[in-house]
Amino acid sequence: MNNTKTTIEYNDGIVRQFLIAGILWAVVGMLAGVVIASQLAFWQMNFNTPWLTFGRLRPLHTNAAIFAFVGNMMFCGIYYSTQRLVKARLPSNFLAQVHFWGWQAIIVAAAITLPLGLTRGKEYAELIWPINIAVVVIWVVFGVNFFWTLARRNEKSLYVAIWFYIATIVTVAVLYITNHLQIPTSWVHSYPIFGGVQDALVQWWYGHNAVAFFLTTPILGIMYYFMPKAAERPVYSYRLSIVHFWSLVFIYIWAGPHHLLNTALPDWLQSLGMVFSLMLWAPSWGGMLNGLLTLRGAWDKLREDPVLKFFAAGVTFYGMATFEGPLLAIKSVNALAHYTDWIIGHVHSGTLGWNGFMAAGMFYYLAPRLWNTKLYSKSMANMHFWIGLVGILLYVASMWVSGITQGLMLGATTDGGTVLAYPNFLDAVIATKAMMYMRAFGGVLYLGGFLMLAFNIWKTARSGHPVNGVVEVYIEEDHATEKFAFAKTFLNAPVAYSFALIVCASLWFLGNDYLSFAGLVGVCITVAGAMLQVELGGRKWSEWYEQLLYNSMPFTVLTIAAVLVGGVVEIIPTIIINKSANIEGWKQIPYTPLELAGRDIYIREGCYLCHSQMIRTLVPDVLRYGEYSRLGESIYDHPFQWGSKRIGPDLARVGSKYPNVWHFKHMENPRSVSIGSVMPNYPWLYTQTTDVDALTSKIRVQRILGVPYPPMDAAAIQKSAYEQATIITTDLKQSGAIVDSDREIVALIAYLQKLGKPEKNAKIAQIPSIETPQ
Amino acid sequence: MFHVIFHRIQLEEWHSMLKSVGFVLFSTVFVMMLLRALLMPRKKIEHASSLPFENEKPSEPHAHDQQK
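For the protein sequence lines, the chains are H and C, in the order given. Using the working numbering, you'd call the opening residue of the first sequence number 1 and step up by one each time. Using the working numbering, you'd call the opening residue of the second sequence number 1 and step up by one each time.
These aren't lab readings, by the way, just hints derived from the structure by calculation. Hints are not guaranteed to be accurate.
[As the list claims (entries may be wrong)] Below, simulated EDC-like cross-link-like pairs (lysine to aspartate or glutamate); rule was C-alpha separation at most 16 Å, straight line:
1. Lys-5/H - Glu-46/C
2. Lys-229/H - Glu-54/C
3. Lys-44/C - Glu-155/H
4. Lys-374/H - Glu-54/C
5. Lys-19/C - Glu-627/H
6. Lys-760/H - Glu-668/H
[What the hints assert, rightly or not] A short, non-exhaustive set of chain H residues, derived as facing chain C with CB atoms under 7 Å:
7. Tyr-225
8. Pro-228
9. Pro-234
10. Phe-250
11. Thr-405
12. Val-565
13. Val-568
Cβ coordinates follow ideal geometry from the N, Cα and C atoms, glycine included.
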């Protein structure tokens with residue numbers, strides 16, 4: 001074997017760029033968080049201004065925190081560690097620059113469009129379709145640069161951190177594309193191709209795994225690289241990291257349905273989501289312990305070293321969040337916690353504690369190395385740690401108290417479980433007001449800590465100058481031929497035996513009678529054959545796995561397979577079923593043109609962020625809101641509007657519950673009819689006109705998606721909208737509320753009054769229709 | 001009565017099988033990876049664990065190193 005010595009200078013310029021961007025967007029995202037937390041404490045902070053309302057700023061906060069802050073931080077860590085772990089410079093600075101500036105342009109576009117109310121109405125997937133395309137393009141650019149780096153690497157083995165990066169890149173691509181399949185109605189509006197329960201399942205398959213593969217796996221990769229570096233000792237157990245990786249990526253993808261427990265989601269999916277969530281405890285804690293125990297013998301350093309301090313606390317929060325997640329996925333616990341602030345607390349212990357602290361630790365580690373200087377102020381970094389920690393604890397504790405209070409109050413019954421103890425939803429809002437103040441204060445503290453980090457890093461950079469890392473490596477000349485030996489990796493005996501074993505074992509467990517027996521025989525023959533071949537041929541099973549580590553592409557394919565199998569098993573059966581035959585006897589009646597326009601206004605204002613449209617199969621839900629939601633009631637909802645949080649009450653059956661004038665007054669000033677409400681005022685709905693012209697294109701797309709609208713031309717659509725609007729405005733006038741029929745409030749009232757009015761017994765009623773007990 | 005309210009239909013009969021499919025698939029992957037991790041030669045483990053510690057120097061001497 002011929003070895004050539006060469007010197008490699010890493011591209012650390014791109015690392016610096018992403019580091020700076022990560023800090024900048026962290027501050028923006030956290031500031032948006034503080035603002036919306038304040039709005040829940042003081043509704044006046046919505047300022048009666050469309051682009052400053054909670055419903056529009058909340059997506060800005062979540063997108064900034066996830067994609068802008070953690071995204072940039074992740075790219076920073078991946079580019080720095082990957083180059084060093086594979087001993088190769090990024091092959092294309094051009095692609096790196098396209099990646100960086102493209103990602104920043106996407107973030108800026110999001111920051112402009114979301115406050116303008118341009119949204120797809122799906123949580124964490126709000127960005128409009130032109131931006132979605134840009135995200136996919138830039139992600140591909142990132143992927144090409146990453147895999148190109150692996151192809152040019154000078155280190156045969158792929159370290160476990162690289163595995164997590166590979167899983168991130170491929171899975172995020174699959175998740176993002178699937179959940180963003182849509183048909184545009186204009187340059188800024190579209191409808192997702194999935195509707196109702198299918199959309200709910202795809203959305204939370206995406207939403208949950210955005211947490212898994214955007215907020216967790218890349219950060220775990222960063223943990224596996226930076227914690228050993230900072231602690232100056234190898235990872236506690238490399239064997240454990242192997243089990244951690246494969247278990248985590250395989251299990252995580254199945255857990256999405258736990259966001260839809262006790263809803264109209266089919267029962268088998270709820271069971272799968274709950275059980276796989278519980279199984280997640282093991283790999284998550286395995287990884288957490290692996291990270292913490294890496295600090296063995298270095299605990300004393302935590303006293304002085306802010307980097308290790310942040311890492312240790314970050315991993316601890318990872319452990320806490322991943323303990324809490326499966327706990328919340330237990331159906332009975334979920335019945336209490338879902339739709340409450342407990343979930344918000346859980347999410348923030350992950351993002352602020354795990355992501356935020358890991359980011360801070362990494363930034364403090366990198367800045368002196370990237371600018372060839374020492375950290376400007378270690379004591380300021382330590383101060384940041386303590387302020388941030390107190391901030392998180394205040395935030396999370398207040399959300400726990402608030403969430404459990406909401407869950408208990410809204411679920412409380414008397415008289416043998418037949419009467420609600422707190423029939424007024426606002427009782428729970430008022431009871432948790434103090435927690436809203438504490439949450440906002442906690443957020444301010446955490447933001448303050450990050451501002452200290454920004455100042456500290458800025459001063460550090462100013463005191464040094466940019467440098468790139470350099471390493472001398474020995475290149476094995478025959479190594480290049482092994483990198484993409486795809487066929488050699490897959491077409492061999494171990495793979496064939498493994499495949500046969502899976503097929504036979506499946507038949508054994510799942511087949512009936514003869515099929516099951518045949519499966520058992522097949523398992524025995526396969527195992528015997530494999531053992532014979534190993535014994536007689538003097539082979540080693542471990543060789544197969546080693547090959548994967550030398551060939552990044554087959555490894556990537558296997559990772560995709562491990563990740564996709566959960567999605568395929570859960571989503572495909574839900575899509576291929578006969579939709580019209582599985583509606584639980586109740587079928588949604590398509591919206592009229594005016595109602596559809598009102599629905600788009602509802603989505604634009606982000607109403608779904610505070611109001612669910614899903615009455616769960618729980619006694620308190622049924623007592624409070626009416627009959628539980630049937631599968632068929634949202635069959636034509638593109639996107640679905642089941643929601644994930646109840647800052648206000650569920651609206652699934654709000655239609656006809658109140659007169660038109662009640663809604664008119666409520667939207668103008670919610671406190672005029674609901675004392676104690678924290679909902680913003682919506683004065684612009686009374687001055688802005690409904691975009692009836694856009695309905696032609698919208699209804700055309702709805703028809704393509706399978707919504708049974710009769711053929712209607714533009715004139716018929718306008719006539720229908722006008723007639724319905726006139727009926728509403730006439731009714732309003734009789735109640736003393738004067739408004740023109742072309743105003744948005746009229747369309748919104750039309751939509752709200754439609755909710756919960758399905759066609760009952762529409763098809764074969766598979767279960768009897770049950771009236772709500774009085 | 002409330003117990004009737006909580007009745008959910010099983011959409012298609014064959015869907016009930018998918019829970020078992022999930023469990024079998026996971027068990028297979030887990031057992032294979034567990035065996036692989038346990039049987040991995042110590043030398044390879046040590047090599048892999050040491051990958052983050054390959055020598056590196058900045059294009060100029062690091063001030064943070066000098067600080068030590």
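Results for each hint:
The straight-line distance between the Cα atoms of Lys-5/H and Glu-46/C is roughly 23 Å, outside the 16 Å bound, and the hint therefore fails. For the hint linking Lys-229/H to Glu-54/C, the alpha-carbon distance of about 10 Å falls within 16 Å, and the restraint holds. For the proposed pair Lys-44/C and Glu-155/H, the alpha carbon gap of about 13 Å is at most 16 Å, so the pair holds. Distance hint between Lys-374/H and Glu-54/C is unfulfilled; the C-alpha atoms sit about 22 Å from each other, more than 16 Å.
For the given pair, Lys-19/C sits about 29 Å from Glu-627/H by alpha-carbon distance, which is inconsistent with the 16 Å threshold. Simply put, Lys-760/H and Glu-668/H have alpha-carbon atoms about 34 Å apart, too far for the 16 Å limit, and the pair is violated. For the restraint placing Tyr-225/H at the interface with chain C, the shortest Cβ-Cβ distance is roughly 5 Å, inside the 7 Å limit, so the hint holds. For Pro-228/H, the shortest C-beta to C-beta distance to chain C is roughly 5 Å, which falls under 7 Å, so the interface hint holds.
Taking 7 Å as the C-beta contact cut-off toward chain C, the hint placing Pro-234/H at the interface holds, the least distance being around 4 Å. Restraint check, Phe-250/H versus chain C: the minimum CB separation of about 5 Å is within 7 Å; hint holds. Proximity of Thr-405/H to chain C is violated relative to the hint, the smallest CB-CB distance being about 25 Å (cut-off 7 Å). The beta carbon of Val-565/H is positioned within 7 Å of a beta carbon in chain C (closest approach about 6 Å), and the interface hint is therefore held.
Residue-level restraint check for Val-568/H is violated (minimum Cβ-Cβ distance to chain C is 10 Å; threshold 7 Å).
Against the hints set out earlier in the document, violations occur for numbers 1, 4, 5, 6, 11 and 13.
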